[in-house]
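K.L.:
Please model the complete structure; the sequences and the hints are all you need to start from.
Residue numbers (the UniProt record's numbering), protein chains in the order written: chain A, 1 to 373; chain B, 1 to 373; chain C, 1 to 373; chain D, 1 to 373.
Honestly, the hints are just simulated from the structure, not real lab data. Heads up, a few of these hints could be off.
If chains are identical, the list can't say which one is meant, so a pair holds when it fits in one copy or spans any two.
[What the hints assert, rightly or not] With a straight-line cut-off of 30 Å between C-alpha atoms, the simulated DSBU-like cross-links for lysine-lysine are:
#	residue 1	residue 2
1	Lys355	Lys201
2	Lys324	Lys201
3	Lys355	Lys223
4	Lys214	Lys355
5	Lys324	Lys355
4 protein chains.
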Amino acid sequence: MSEESTVVTHPFLDLAPLGAAQFASIEDRVARLLRTEQDVVIMQGEALLPLEGAIRSTAGPGTTALNVITGPYGQTFGDWLRDCGATVIDLAVPFHTAVTAAQIAAAFEEHPAIDFVSLVHAEAATGNTNPVAEIGEVVRRQGALFYLDAVASVGAEPVLPDAWGVDLCVIGAQKAMGGPAGVSAVSVSERAWARMAANPKAPRRSYLSLLDWKERWIDGGRKALLHAPAQLEMLALEACVERIEADGLDAVMGRHRAAAAATRAGARALGGGLEPYVHEDREAAPAATTLRAPSGVAASELVTRALSCDPALPLAAGGGALAKEMIRVNHYGVDATLGAVRASLAALGAALREKGIAADVESALRAAEDAWR
Amino acid sequence: MSEESTVVTHPFLDLAPLGAAQFASIEDRVARLLRTEQDVVIMQGEALLPLEGAIRSTAGPGTTALNVITGPYGQTFGDWLRDCGATVIDLAVPFHTAVTAAQIAAAFEEHPAIDFVSLVHAEAATGNTNPVAEIGEVVRRQGALFYLDAVASVGAEPVLPDAWGVDLCVIGAQKAMGGPAGVSAVSVSERAWARMAANPKAPRRSYLSLLDWKERWIDGGRKALLHAPAQLEMLALEACVERIEADGLDAVMGRHRAAAAATRAGARALGGGLEPYVHEDREAAPAATTLRAPSGVAASELVTRALSCDPALPLAAGGGALAKEMIRVNHYGVDATLGAVRASLAALGAALREKGIAADVESALRAAEDAWR
Amino acid sequence: MSEESTVVTHPFLDLAPLGAAQFASIEDRVARLLRTEQDVVIMQGEALLPLEGAIRSTAGPGTTALNVITGPYGQTFGDWLRDCGATVIDLAVPFHTAVTAAQIAAAFEEHPAIDFVSLVHAEAATGNTNPVAEIGEVVRRQGALFYLDAVASVGAEPVLPDAWGVDLCVIGAQKAMGGPAGVSAVSVSERAWARMAANPKAPRRSYLSLLDWKERWIDGGRKALLHAPAQLEMLALEACVERIEADGLDAVMGRHRAAAAATRAGARALGGGLEPYVHEDREAAPAATTLRAPSGVAASELVTRALSCDPALPLAAGGGALAKEMIRVNHYGVDATLGAVRASLAALGAALREKGIAADVESALRAAEDAWR
Amino acid sequence: MSEESTVVTHPFLDLAPLGAAQFASIEDRVARLLRTEQDVVIMQGEALLPLEGAIRSTAGPGTTALNVITGPYGQTFGDWLRDCGATVIDLAVPFHTAVTAAQIAAAFEEHPAIDFVSLVHAEAATGNTNPVAEIGEVVRRQGALFYLDAVASVGAEPVLPDAWGVDLCVIGAQKAMGGPAGVSAVSVSERAWARMAANPKAPRRSYLSLLDWKERWIDGGRKALLHAPAQLEMLALEACVERIEADGLDAVMGRHRAAAAATRAGARALGGGLEPYVHEDREAAPAATTLRAPSGVAASELVTRALSCDPALPLAAGGGALAKEMIRVNHYGVDATLGAVRASLAALGAALREKGIAADVESALRAAEDAWR
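P.N.:
Dropping the structure here:
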């Protein structure tokens with residue numbers, strides 16, 4: 001073999017294309033993770049792709065959508081829905097709380113025409129999580145289509161489309177699953193497929209189209225892919241599901257739940273005015289905890305100080321206007337550890353003290369440790 | 001380190017996210033490969049994503065588009081253009097030939113309203129390549145926007161958006177570049193950006209949107225990505241451009257040109273009724289050669305026979321109706337070798353003989369070898 | 001997460017160390033591939049490491065070794081054996097043939113003191129393969145320890161240490177298994193362990209030591225590794241065994257056997273003086289075929305010509321003095337295809353013709369195709 | 001391309017072999033990292049391979065070796081030296097300190113025959129680092145050969161074979177470099193090569209041999225490798241050196257130095273009887289800090305408790321007899337962060353309290369933060 005002929009050798013090049021059979025088997029593996037009998041379509045892009053594709057496929061001028069806003073993604077979904085011509089009823093709840101099934105029921109009562117509900121399960125950006133099981137019961141009773149963004153919940157807390165009556169459940173692997181961001185998945189119920197088929201404006205022959213996958217991939221027996229897949233990301237998705245299976249989904253979710261409990265308990269004990277942004281524990285997302293900065297101190301400044309000695313900490317300020325008041329602790333994936341929580345609390349305590357605010361790191365850590373167990 | 005804590009170790013997991021700086025540097029590297037000063041946007045999906053996004057961003061009811069059809073992709077572009085409300089003038093040329101600059105000029109003469117031209121540079125599916133430099137001169141003279149699909153040409157033959165006046169030049173790495181299929185790129189001229197900005201129906205806040213990348217990524221100084229990128233595919237794209245740089249782009253293109261010349265010469269010498277589908281050498285794509293099956297023999301059957309003993313050969317039957325008459329030899333990427341050409345010719349010769357058709361493999365190989373040099 | 005903090009992101013960095021449990025499971029998988037109940041030790045180096053380690057561990061001044069030389073590795077083994085102080089009886093057979101069980105039996109008769117037999121199963125460098133099953137019967141009857149180098153046979157033909165009575169069976173993944181070269185394995189019988197334990201000069205506390213692995217790894221229940229493993233190579237070994245399991249070992253071996261048969265038949269039909277170096281088909285290795293260059297033509301020159309237009313062909317001249325007369329066709333791993341055989345035969349035919357020697361490529365290919373089936 | 005033909009696709013399989021040119025360029029890159037003009041040989045195994053190979057190549061019955069023991073590796077080197085027939089003078093210093101240049105000078109005075117000095121630069125297992133620059137001056141003045149194990153120092157503190165007069169400097173990438181463990185390197189001075197060439201017992205034609213690499217690789221102009229390399233590990237080594245170059249070696253070393261300072265200051269402030277095992281700061285290794293457990297408490301028990309809630313923490317008990325009294329904080333590679341130090345101190349504080357021992361975590365963290373800056 002002439003050694004001179006290959007100048008650059010790289011394991012990411014010259015791979016055999018990912019075959020349809022392996023692609024289908026990865027879809028099946030994701031379906032098992034979601035305990036669903038629905039069709040699971042893996043789309044070749046970030047989770048925004050199936051999120052947008054699912055709305056554009058199902059919503060149209062005849063749609064009356066109840067759009068629940070518990071964070072920035074809900075606002076995006078409303079934009080898409082209006083763009084499709086749907087009548088949109090926004091149900092915005094303060095970011096420090098979750099929506100309740102009762103609020104959903106009340107909205108149905110007020111707007112009987114609602115035939116579509118869009119909801120973000122958990123929002124990493126605001127740190128809340130919504131009671132999807134209870135909401136699903138209401139939505140199903142009303143016969144509306146139920147669309148769920150589970151990107152920030154899958155792997156951190158139960159995501160059960162079938163048990164909950166979710167018709168369009170979108171996931172990505174980049175948060176609690178500890179996997180790639182470049183491919184994502186959506187489970188689609190029979191009802192959702194029917195709604196799309198009846199929607200003349202549903203994208204077809206488009207990168208956004210779910211129906212293309214239905215008609216050319218699923219209905220064809222999953223023999224021929226629509227286009228060459230993002231093969232490395234697909235292999236990474238397979239690997240991360242394999243790891244979750246090996247660890248046990250319950251153990252993985254348990255680590256996230258413990259990290260959230262520890263962060264919240266620690267922040268409360270730290271004092272200095274820092275407190276959980278989401279008031280109720282049961283409304284707090286297991287994947288990421290948001291904290292409210294003490295009044296008079298910019299959250300972004302605290303975060304900058306905390307990261308200055310340790311840029312790898314999973315801390316960020318809130319986005320946009322929230323940068324003033326919200327600190328995010330992203331204890332998901334590899335950071336779903338007590339160590340990441342401890343280091344984050346200690347760094348926040350030090351940042352508070354630099355601003356002249358007393359902070360009881362000792363108590364914070366003890367509280368975090370107690371809560372972790 | 002507790003060894004029991006990690007059940008599944010995999011190099012594709014738990015990577016640090018790809019930062020904005022590295023993302024931007026990969027864009028710059030692609031721009032250098034295309035010798036362009038235009039903005040290069042890397043989109044997080046297969047090449048269909050920027051292909052569709054570029055059309056939906058620029059075309060609208062006020063657009064008069066000349067859509068050149070030299071293969072299946074041209075037909076898809078026409079669908080998208082019509083979908084956008086554009087007036088579409090289809091200029092279809094037989095798949096065994098290329099379009100000429102004169103044909104383009106004549107179309108402009110006949111339809112002076114044309115302000116958009118869409119063209120596929122080379123089509124792997126039909127094996128032709130079009131004279132983009134000459135066509136570009138005509139299009140520029142007319143002031144129309146020039147949209148080019150260079151997915152099957154980049155790496156195999158020159159692709160020079162600036163020199164040729166291409167306003168939207170889309171590439172993917174999965175063919176002659178020997179790279180990943182999951183991310184792709186488009187270079188965008190100032191004129192194209194202006195057209196999009198003036199287009200009220202250009203996708204915004206959408207996975208299909210180019211303007212989102214312009215406004216939130218480029219205009220912001222490429223500091224913050226719109227969403228987490230497909231990081232493994234991005235690294236693979238970087239690696240494949242690095243390899244092309246190390247080998248030399250001219251050398252890489254030379255291998256593809258030689259492979260095409262050898263395949264065509266070989267097929268002619270093989271006899272038995274097999275002949276190049278594209279008549280003129282200069283209209284034949286360097287990345288893939290199409291052959292016409294002898295009359296009375298289905299191309300798909302010949303391919304099936306040829307692959308039966310060697311499923312790794314880069315052979316395929318034409319798509320759809322072409323399956324009857326067209327054989328594709330995909331001598332791109334790792335298959336841009338004389339060995340792949342020889343093995344393909346020998347396999348086709350054997351398949352012909354199995355059908356009772358004489359084939360002169362000896363002459364075919366000699367002709368291929370002569371043409372390769 | 002500060003994006004500026006990570007300048008270089010690479011999937012090969014910052015991996016969690018490979019744990020003992022996964023290491024052990026890879027050993028078990030290799031054992032299943034070899035259908036052996038013996039201990040399998042994976043050593044962290046190229047196959048030369050266990051090859052050398054096994055000899056230095058078992059041989060000493062009291063050893064009388066029958067060293068069978070059917071290629072260059074046999075010569076190396078003799079050097080090691082002498083270096084250990086063993087009495088070495090070299091049994092060299094011409095490289096164009098294999099050793100026979102009768103020759104082994106005769107050697108035992110002549111030298112009843114023989115208590116160790118070293119043999120290369122198949123030699124890629126000379127292209128022969130030896131009848132290990134029959135030889136094993138003789139060796140076992142005589143009670144000698146049986147050491148086998150199966151690096152160039154595993155994956156291409158059956159390797160069955162238990163059925164054949166092999167005491168030390170060394171494999172590497174870099175040939176027919178299509179895997180990595182950086183780690184390798186040896187299966188060790190109880191008798192071999194006992195021999196080592198009784199050998200005062202067996203390496204201990206040494207990178208060459210097998211006893212270290214026995215005493216500190218195996219006897220300790222495989223809980224703690226001796227040192228951090230070559231983790232990427234281990235994962236690659238796991239992947240290649242997984243692929244063989246998925247394809248089926250029989251299918252993988254079948255491809256290699258077919259490639260050898262096709263190459264030999266093709267070379268014979270090619271004429272021009274080229275002929276199989278190993279006379280008897282049953283003595284020819286499935287992993288690689290050696291050919292004798294026509295008299296008056298240097299093999300190395302033919303190979304250079306053949307590679308000039310196609311450096312990726314799996315061709316090489318023989319090593320050392322054999323460079324004059326021997327051509328090697330390495331149709332193993334990804335090159336165990338009819339396409340690689342066809343391309344190699346065509347390239348050799350063209351090279352012969354350039355030297356003014358008639359070669360019937362047409363017949364060569366037909367013969368190869370017939371033999372492949 | 002038949003999709004059914006590939007059952008398992010994996011980026012680690014079917015790679016083109018790593019060529020000699022790329023191998024040589026990786027050696028050159030390692031040489032630049034060490035600022036050395038000496039030959040750098042990359043050996044295909046864990047660092048134990050060049051460590052052992054270098055001793056067996058240079059030491060023999062005529063050697064008088066001063067073997068400095070500051071941890072377990074020094075003991076291993078003494079075993080190898082004796083095994084080679086060398087006269088060994090062991091200079092053992094307590095693990096809580098470093099050896100001094102004066103002690104080395106005194107040893108030379110007492111034993112003028114010393115012509116070889118073996119030293120571990122820094123020992124992760126005991127946490128000390130030795131003043132190699134000063135010692136090098138003494139050794140050079142005496143004309144002895146200087147052998148240095150820099151595996152646990154390279155990347156964490158300066159390693160300068162040329163400036164310090166080191167003749168055999170062995171490194172591995174698995175600690176502060178954050179790279180692979182499966183390949184390693186040794187720089188060899190001209191004097192060292194000469195010593196080996198004159199040593200009749202230096203390994204030759206052996207996996208342990210350095211002379212094989214000298215004679216067959218370096219002297220041949222680095223054209224042909226001795227055997228197929230561990231290609232994935234080589235690529236990982238290249239990637240980790242590239243990352244260090246991008247970050248800046250000084251910055252990488254700075255992080256390790258800061259982590260050590262913070263850990264030591266934090267442990268002192270924690271109280272409860274925990275204290276740095278190595279008394280003097282300047283004798284403490286930047287890569288890893290060892291701590292002495294309070295009397296009456298087993299270090300291994302504290303570590304087990306600390307890891308129980310957070311198995312990913314970089315904590316370990318000392319090896320062997322040290323398990324009772326020594327705790328290791330391995331703040332190297334990805335763990336060279338303030339966050340890892342904070343989490344480790346907090347975990348140790350919690351473990352102490354569980355044993356009923358007061359620990360001032362608050363003060364520990366403050367001290368660590370002050371020391372980090």
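K.L.:
All hints are to be evaluated individually against the structure, with a verdict given for each.
P.N.:
Hint-by-hint comparison with the structure:
1. Lys355 with Lys201: For Lys355 and Lys201, the Cα distance exceeds 30 Å both inside one copy (55 Å) and across copies (49 Å).
2. Lys324 with Lys201: neither (41 Å within a copy, 35 Å between copies)
3. Lys355 with Lys223: between (61 Å within a copy, 28 Å between copies)
4. Lys214 with Lys355: Answer is neither: 57 Å inside a copy and 38 Å across each miss the 30 Å cutoff.
5. Lys324 with Lys355: within (15 Å within a copy, 42 Å between copies)
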